[in-house]
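Peer 1: Sequence:
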Amino acid sequence: MLLLLGGAAALWGSSSLVWDASADRRGDEVVPALGPLALLCLAAIAAVVALGGRLRRALGVLVAAAGGTAAFLGLSTAGAPAGRGLAALAGALVLGAGAVLVVRGPAMPGLGGGYRTPGAARRAADPERELWNALERGDDPTDRD
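Here the sequence shown is numbered in full-length UniProt numbering, starting from 1 and rising by one per residue.
There's no promise every hint is true.
Stated by the list, open to error - Label pairs and their calculated CB-CB ranges:
#, residue 1, residue 2, range
1, V103, V18, 14 to 22 Å
2, P36, R137, 38 to 46 Å
3, R129, T69, 19 to 27 Å
4, S76, A134, 54 to 62 Å
Worth flagging that the hints you see were computed from the coordinates, not collected in a lab.
Glycine included, every Cβ here is placed at the ideal spot set by N, Cα and C.
With the hints as constraints, model all of the structure from the sequences given.
Peer 2: Here it is in structure tokens:
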């Protein structure tokens, strides 16, 4: 998540830097895709929290593709080295975040992962697990009325 946030901030920053001093053109004028890629990264942060399993892995592939695109655009476009370098660095950060999502995404906790319905709690097969679930609900497992 921090890689995505850092990549989004760097993409946004590189889009606001002056890339062509002779024409006073900013990065978003030279490479218009930088701003939308930054917004995609911010949206991906919310999606990581909301999604789970295979969908999170698919999101990782999308994020990695966005990072590769940003890095390619930063390296292949003419302009000031600072803006190009920042865009390439941002692309590398986003690419790394996508790779982490592909590899570790399904194992990461999801939204509401610690909560279960009361019916699912009653179906717990392991008696020790039932004791822990009772503690999580605030019940006293030693109080047997």
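Peer 1: R129 and T69, beta-carbon distance inside 19 to 27 Å?
Peer 2: violated, 46 Å
Peer 1: Does 14 to 22 Å hold as the CB distance between V103 and V18, or does it fail?
Peer 2: violated, 37 Å
Peer 1: Between the beta carbons of P36 and R137, is the distance compatible with 38 to 46 Å?
Peer 2: holds, 45 Å
Peer 1: For the pair S76 and A134, does the Cβ-Cβ distance stay inside 54 to 62 Å?
Peer 2: holds, 60 Å
Checked against the numbered hints above, the structure violates hints 1 and 3; every other hint is satisfied.
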